[in-house]
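**Student:** Here is how the chains run, residue by residue.
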Amino acid sequence: MREMIVKGIRIDDTFAEAFNMRATAVIITADSAHWARQAAVTMTGFGTSVIGCGCEAGIDGELSPRETPDRRPGIRVLLFAVSTSELQRQLQNRVAQCVLTTPGSACYAGLEGEEALKLGNALRFFGDGWQISKRFAGKHYWRVPVMDGEFVCEAATGLTKGAVGGGNLLIMGREPRMTLAAAEAAVDAIDAVPDVIMPFPGGIVRSGSKVGSKYKASASTNEAYCPTLRGAVKSALGPEIGSVLEIVIDGLTSTAVAAAMRAGLAAMIKLGPKQGAVRIGAGNYGGKLGPHHFHLKDLLP
Amino acid sequence: MKPLVLTMRAIPDERLDLSPLVPHRLSGKTASEIAKLDLQTGRQRITVGDIFRVRGGDVQSVRLEGATDRLDQIGQDMAGGEIVVDGDVGNQAGRSMTGGRLVINGNAGRWAASGMRGGQMEITGAAGDLLGGPLAGEVAGMRGGVVVVRGDVGERAGDRLRRGTIVVEGRAGARAGSCMIAGTLIVRRAAGPLPGYLMRRGTVVLAGGCDELSPTFLDCGVHDLVALRLMAAFVKGHSAPAASALRAPLRRLAGDMAVLGKGEIFCSDE
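Chains as they are written, first to last, in the numbering used here: chain A, 1 to 301; chain B, 1 to 270.
Just so you know, the hints here were simulated from the structure itself, not pulled from any lab data. Keep in mind it's a predicted model, so treat the numbers as computed, not measured. Treat each hint with caution, since some may be false.
[To be verified] For lysine to any residue, the following SDA-like pairs were computed, each having C-alpha atoms within a straight-line distance of at most 20 Å:
1) Lys262/B / Asp128/A
2) Lys139/A / Arg201/B
3) Lys262/B / His140/A
4) Lys262/B / Asn222/A
5) Lys236/B / Val139/B
6) Lys262/B / Asn121/A
7) Lys262/B / Lys210/A
8) Lys210/A / Asn222/A
9) Lys262/B / Val144/A
10) Lys139/A / Thr47/B
11) Lys118/A / Met147/A
Work out the full structure, taking the sequences as your base and the hints as a guide.
**Tutor:** Right, here's the structure in full:
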């Protein structure tokens, strides 16, 4: 594999291979930013990978009261899934169990997509006949009586079929502390990019996987990037690499994923090899599976 | 582009039907063709040119100058564009509108916005009885759009309202929101007796209270609801005074229990 050196960091001449996904977005508001975030964190929990969670979910960003429909603090949440039906199921279950239940919360559409997913139209039945329909300015809301007042929920939210899942960066460092520092710097930078999420814990995944397994599993550990197996397998790691972390990026558009990867790369290069990563790569399947190829050389600052 | 201007020459002897003078029905017509359109409601033929001086312009923007309350059905079936009327108008202004903007710089008669389905209507003066209400034989009144009346309204404003929003900045007569099916009626000043009479669903906001409330409305306490914030944000674009009335916690009364009882009246806690 050819490589480039940028400010002392080796950049693999490779690309991240990403896939088309279905995605939606909702805006969660509450009386305080704390409770809006609490609802969003709960809703996006156990939403790291479609392999085991049904969807990939995360927080896109905070919204000021001026940016939300009810003028309260808000959070925009993105959900990604492989099919419309699974996305609908995940959206409905997560909003019902995690947002409806949060004190003072309300939930609104966060995306104007080509198609619609049921939001309040599915949750209104919790009102058991006492729910109230309201339409203002072309928007349809449901008011569901709950024990602290009313849960207000927009009837539907948008769906996009042009979302992209699987943008990624492989961050390689001399030892775990420095690798984590580089990954954290990248996560902080990507956080500021709109329309993307990093669905893994804190935006970072330490258990990157390959397709298939010697057992009956769809995915298993990516031994080529496990430093403890360097001498035992066909390793992708040189002797200087002691730890590898990955950032996975899902975005509403291909452009958003590219912007996020660019921001992450720039942050890690700025941090430098002495405090952070000594090498940055990306994961792919040879380019034959995913239609979106994000070449690192095209994303360098 | 300049609007099409119709200036009244003389007050007509009979009531006139101005429903032909809406943008989509005037589209493609010259000023002379417009002047030949019939407006009569009786046996004697009366054309636009008999009553108005016509100055040609963009038919998507119609201006009526010197209007009187003998002009009925202004803006009927209007689907887009804008009509601005200077002066009073008769009955059924904005009847069955589906889009566009109708502004009446004066008073309106009965059944203004009757059967309205979309668009915006503003009456800077007062409106007569049955604002947004159905005509005889119809099962529902207004079904969409926004109506703002800067002055007072007569009896049974929002009668059988099915959808849409009516804002009254002044006072409302007796039985405001009678037989409402859904939708929203906001009255900023005092309302007459028995608001929400036989309403099934929908929301009536009485920022200025009312003369007499039916005992079939049940007190559900004072609440500061998110839905009222949404309502205020929407209404603010049409009426800042009405929006301000929605920002304080309001008392919720459920009713009318004489019928379905899924409606609500919000009123000040004072």
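**Student:** Now tell me, hint by hint, if it's right for this structure.
**Tutor:** Hints, verified against the model:
1. Lys262/B / Asp128/A: holds (12 Å)
2. Lys139/A / Arg201/B: holds (19 Å)
3. Lys262/B / His140/A: holds (18 Å)
4. Lys262/B / Asn222/A: violated (59 Å)
5. Lys236/B / Val139/B: Outside the cut-off at roughly 31 Å; violated.
6. Lys262/B / Asn121/A: Holds, at about 18 Å.
7. Lys262/B / Lys210/A: At roughly 56 Å apart (the allowed maximum being 20 Å), Lys210/A and Lys262/B break the hint.
8. Lys210/A / Asn222/A: holds (5 Å)
9. Lys262/B / Val144/A: holds (13 Å)
10. Lys139/A / Thr47/B: Roughly 42 Å between the alpha carbons, so the hint for Lys139/A and Thr47/B is violated.
11. Lys118/A / Met147/A: violated (23 Å)
Checked against the numbered hints above, the structure breaks hints 4, 5, 7, 10, 11 and satisfies the rest.
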